[in-house]
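Chains as they are written, first to last, in our numbering: chain A, 18 to 301; chain B, 340 to 691.
There may be inaccurate statements among the hints.
As the list claims (entries may be wrong) - Calculated pairs, SDA-like style, for lysine to any residue (alpha carbon to alpha carbon, straight line, at most 25 Å):
| hint | chain 1 | residue 1 | chain 2 | residue 2 |
| --- | --- | --- | --- | --- |
| 1 | A | Lys-113 | B | Glu-522 |
| 2 | B | Lys-507 | A | Lys-208 |
| 3 | A | Lys-208 | B | Pro-492 |
| 4 | A | Lys-208 | B | Pro-621 |
| 5 | B | Lys-470 | A | Lys-112 |
| 6 | A | Lys-112 | B | Ser-654 |
| 7 | B | Lys-470 | A | Ser-192 |
| 8 | B | Lys-414 | A | Leu-193 |
| 9 | A | Lys-208 | B | Gly-575 |
| 10 | B | Lys-468 | A | Ile-198 |
| 11 | A | Lys-208 | B | Gln-443 |
| 12 | A | Lys-208 | B | Glu-394 |
| 13 | A | Lys-208 | B | Lys-609 |
| 14 | B | Lys-414 | A | Thr-292 |
| 15 | B | Lys-470 | A | Lys-113 |
| 16 | A | Lys-108 | B | Pro-428 |
| 17 | B | Lys-434 | A | Leu-193 |
| 18 | B | Lys-434 | A | Ile-198 |
| 19 | B | Lys-513 | A | Ile-217 |
| 20 | B | Lys-609 | B | Ser-654 |
| 21 | B | Lys-468 | A | Phe-212 |
| 22 | B | Lys-597 | B | Lys-559 |
| 23 | B | Lys-414 | A | Thr-210 |
| 24 | B | Lys-468 | A | Asp-194 |
| 25 | B | Lys-434 | A | Glu-162 |
| 26 | B | Lys-434 | A | Lys-83 |
What the hints assert, rightly or not - Taking CB as the label site, the calculated pair distances span:
| hint | chain 1 | residue 1 | chain 2 | residue 2 | range |
| --- | --- | --- | --- | --- | --- |
| 27 | A | Pro-218 | B | Pro-416 | 24 to 30 Å |
| 28 | A | Gly-293 | B | Gly-465 | 24 to 30 Å |
| 29 | A | Pro-218 | B | Asn-448 | 23 to 29 Å |
| 30 | A | Ser-188 | B | Gly-524 | 27 to 33 Å |
| 31 | A | Asp-195 | B | Gly-524 | 53 to 59 Å |
Hints in this document: simulated from the structure, not taken from any laboratory. Beta carbons: idealized from backbone N, C-alpha and C, even for Gly.
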Amino acid sequence: MKNRSSTFYLLLIPVLLWLVVLIVTPHLDMMFRSFRLETDEGNMIFSMNNYLTFFKDKIYWLTFVKTALYSIFVTFLAFVVTFPVAFYLTKVIGKKYSGFMTLLLLIPIWIGELVTVYGWMILLRDNGVINNFLMKIGVINSPIEMLFTNFSMTIGLLYMSMLFMIVPMMSALDSLDDSLIEAASDLGASKWTIFRQIIIPYTTPGIVSGGIIVFMLVIGDYVAPNILGGKSSLWFTEQIYNKFLSSFNWNEGAAFGFLLLLLSSTIVWIALKLTGQKLERVGS
Amino acid sequence: MSYVLEIKNVTKKFGDFKAVDSVSFNVEDGGFFSILGGSGCGKTTLLRMISGFEEVTKGELLIRGESMEGIPPEKRPVNIVFQSLALFPMMNVEKNVAFGLQRQRLPKNEVNTRVAEMLERVDLTGFEKQKVTELSGGQRQRVAIARSLVLQPSILLLDEPLGALDRKLREHMKVELKVLQKEIGTTFIYITHDQSEALVMSDRVAVMNEGRFEQIDTPKNLYRNPETSFVAGFVGESNEFDVADYVDGVLTTKHGCKLNKPGLDFQPRKLFMRPEAFILNPTEDLDDIELINMRVKNILFDGSNTKISATIKQSQDEVLISLPQNAQFEDLQEGDDIQAGIHRDDLKCYRN
Numbered sequence: 018m019k020n021r022s023s024t025f026y027l028l029l030i031p032v033l034l035w036l037v038v039l040i041v042t043p044h045l046d047m048m049f050r051s052f053r054l055e056t057d058e059g060n061m062i063f064s065m066n067n068y069l070t071f072f073k074d075k076i077y078w079l080t081f082v083k084t085a086l087y088s089i090f091v092t093f094l095a096f097v098v099t100f101p102v103a104f105y106l107t108k109v110i111g112k113k114y115s116g117f118m119t120l121l122l123l124i125p126i127w128i129g130e131l132v133t134v135y136g137w138m139i140l141l142r143d144n145g146v147i148n149n150f151l152m153k154i155g156v157i158n159s160p161i162e163m164l165f166t167n168f169s170m171t172i173g174l175l176y177m178s179m180l181f182m183i184v185p186m187m188s189a190l191d192s193l194d195d196s197l198i199e200a201a202s203d204l205g206a207s208k209w210t211i212f213r214q215i216i217i218p219y220t221t222p223g224i225v226s227g228g229i230i231v232f233m234l235v236i237g238d239y240v241a242p243n244i245l246g247g248k249s250s251l252w253f254t255e256q257i258y259n260k261f262l263s264s265f266n267w268n269e270g271a272a273f274g275f276l277l278l279l280l281s282s283t284i285v286w287i288a289l290k291l292t293g294q295k296l297e298r299v300g301s
Numbered sequence: 340m341s342y343v344l345e346i347k348n349v350t351k352k353f354g355d356f357k358a359v360d361s362v363s364f365n366v367e368d369g370g371f372f373s374i375l376g377g378s379g380c381g382k383t384t385l386l387r388m389i390s391g392f393e394e395v396t397k398g399e400l401l402i403r404g405e406s407m408e409g410i411p412p413e414k415r416p417v418n419i420v421f422q423s424l425a426l427f428p429m430m431n432v433e434k435n436v437a438f439g440l441q442r443q444r445l446p447k448n449e450v451n452t453r454v455a456e457m458l459e460r461v462d463l464t465g466f467e468k469q470k471v472t473e474l475s476g477g478q479r480q481r482v483a484i485a486r487s488l489v490l491q492p493s494i495l496l497l498d499e500p501l502g503a504l505d506r507k508l509r510e511h512m513k514v515e516l517k518v519l520q521k522e523i524g525t526t527f528i529y530i531t532h533d534q535s536e537a538l539v540m541s542d543r544v545a546v547m548n549e550g551r552f553e554q555i556d557t558p559k560n561l562y563r564n565p566e567t568s569f570v571a572g573f574v575g576e577s578n579e580f581d582v583a584d585y586v587d588g589v590l591t592t593k594h595g596c597k598l599n600k601p602g603l604d605f606q607p608r609k610l611f612m613r614p615e616a617f618i619l620n621p622t623e624d625l626d627d628i629e630l631i632n633m634r635v636k637n638i639l640f641d642g643s644n645t646k647i648s649a650t651i652k653q654s655q656d657e658v659l660i661s662l663p664q665n666a667q668f669e670d671l672q673e674g675d676d677i678q679a680g681i682h683r684d685d686l687k688c689y690r691n
């Protein structure tokens, strides 16, 4: 008995270290900072001022709302794009090929976000691959401006995040017994009904858990909005970045960081409520 | 007599492999028809062709006289109870049963009454709101059957639905299914590898082997008069012997046991004897009895199903013999000498 409990404590140490050193302490520190204000005399006082800044200035508000809406939109897009792929890989082709093809899908993750983002720049810029091709086949006469727009930003965000959707969705689809689909069809259900009434409800936990990962990655991403979105991108992480590294106002930056955390947590919470999922179930 | 299902020379090929090889049979309306065979014999493929999940390579498949060619599963008047049952885990009992009716866009109150009626019939009233994952094995079984039967199909196909149940429940469900089928009158086509399930429940049984039907018959005939050596070996227990010679009405087994079996018009290769066909220490006055001297090798006690294995003295062949249930041979010991008799009609001989 004594042995077992010492093992228990031994194994608890890395967990506690992780939680305390890497999660709790930095957050507490940030929280304290977010309520601090440096007076003209250089003293630190407790204040709500950092948060008030956010509410006073319209640009912060707009960026905040835009970030939230676009993140939801990209998450939805990620679902639309990856679901057919996940379905094909798990239900249509055999296990033999699906493993290899999944591996191929994951290659962009190995390369890293920055490199893939530059790759998209080559494709999307005015004299880039896509514009060149379209002009050559005569669809357009002058290049379409794609880079440094919300469009290019969306593509970048989608590309770097959608792979995190496909893995939980594939495991959910994998556990879906084919005979459920056949049974529904046998009972007279059309393909659309099977999709809506059987496949979607069954895979909801996978979709939600993938959705949460994608949403979190997107709402907290900096590289894609900054490089592909250009000056007009207005992503909230950029505001935080500016606070910390351009205006060196760490206290306001911390407050903004907390607002982003609050925003993303609220949206995830609402999503869980709407889909009737429990965090424990989705998280596993 | 009208046939609800007519299968005419149906063949199914997967590549070069013939899963089902020109099978023909008819099923009468309102019957309990079983297809019995080992794994890989093609019975599931046959079932999937009837339900429409597999296409027929060659031949014709008619339900109530209508060709089913090109008709998808959702449009066929047949429903399946799957081996895994395939209940929808995200729906409760009521919604599972209502699923098919809702697909037909019936008015809501009609759906509700028919679901309630069906649940009452399978004795599940009061379980409407239960999750199917919370039900016992037998209850889940009944939900699966109710979900199909509520659509009033011409044929209900059952794909080894009792396979996953434990033995006691399986025995119980056998009786329950048979009673349910008689009550409702829907034609059941039941696929199984378990001969006891097929024999107990069915009006007619088809024994399938390597994509072909060996025999279609009543359970009793199948057991008493197997037409092929496969059926003799597959249905019920049997002692199987290779026949080396047949001269002047005398069979000689491979190891040299001689038995009188007059009147065969072919050269037999196989001999089958049921364990219960033997009479131990028979009285002198029985006619047409072949007497065999043996030594008891082993007593296999199994309650009412107790057997002995014995060695034929003449040939050292081993046979299984059922003991009568009246405890007459309770005192039998290993090594005892006994005489066993078998009626000549119970020596079942086959060409191959």
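Here is how each hint holds up against the structure:
1. A/Lys-113 / B/Glu-522: violated, 48 Å
2. B/Lys-507 / A/Lys-208: violated, 39 Å
3. A/Lys-208 / B/Pro-492: holds, 21 Å
4. A/Lys-208 / B/Pro-621: violated, 68 Å
5. B/Lys-470 / A/Lys-112: violated, 31 Å
6. A/Lys-112 / B/Ser-654: violated, 54 Å
7. B/Lys-470 / A/Ser-192: Holds, at about 19 Å.
8. B/Lys-414 / A/Leu-193: holds, 24 Å
9. A/Lys-208 / B/Gly-575: violated, 44 Å
10. B/Lys-468 / A/Ile-198: holds, 23 Å
11. A/Lys-208 / B/Gln-443: holds, 14 Å
12. A/Lys-208 / B/Glu-394: Distance ~18 Å between A/Lys-208 and B/Glu-394 Cα, so the pair holds.
13. A/Lys-208 / B/Lys-609: violated, 53 Å
14. B/Lys-414 / A/Thr-292: Between B/Lys-414 and A/Thr-292 the Cα gap is close to 33 Å, so the pair fails against 25 Å, i.e. violated.
15. B/Lys-470 / A/Lys-113: violated, 35 Å
16. A/Lys-108 / B/Pro-428: holds, 19 Å
17. B/Lys-434 / A/Leu-193: holds, 19 Å
18. B/Lys-434 / A/Ile-198: Distance of about 16 Å is within 25 Å: holds.
19. B/Lys-513 / A/Ile-217: With Cα atoms ~36 Å apart, B/Lys-513 and A/Ile-217 exceed 25 Å; violated.
20. B/Lys-609 / B/Ser-654: holds, 16 Å
21. B/Lys-468 / A/Phe-212: holds, 24 Å
22. B/Lys-597 / B/Lys-559: violated, 29 Å
23. B/Lys-414 / A/Thr-210: With Cα atoms ~15 Å apart, B/Lys-414 and A/Thr-210 stay inside 25 Å; holds.
24. B/Lys-468 / A/Asp-194: Roughly 23 Å separates the two Cα atoms, so the pair holds.
25. B/Lys-434 / A/Glu-162: violated, 52 Å
26. B/Lys-434 / A/Lys-83: Outside the cut-off at roughly 41 Å; violated.
27. A/Pro-218 / B/Pro-416: 24 to 30 Å: Hint holds: Cβ distance 28 Å, inside 24 to 30 Å.
28. A/Gly-293 / B/Gly-465: 24 to 30 Å: Holds - the Cβ-Cβ distance for A/Gly-293 and B/Gly-465, about 25 Å, lies within 24 to 30 Å.
29. A/Pro-218 / B/Asn-448: 23 to 29 Å: Holds, at about 25 Å.
30. A/Ser-188 / B/Gly-524: 27 to 33 Å: Check failed, 45 Å falls outside 27 to 33 Å.
31. A/Asp-195 / B/Gly-524: 53 to 59 Å: violated, 32 Å
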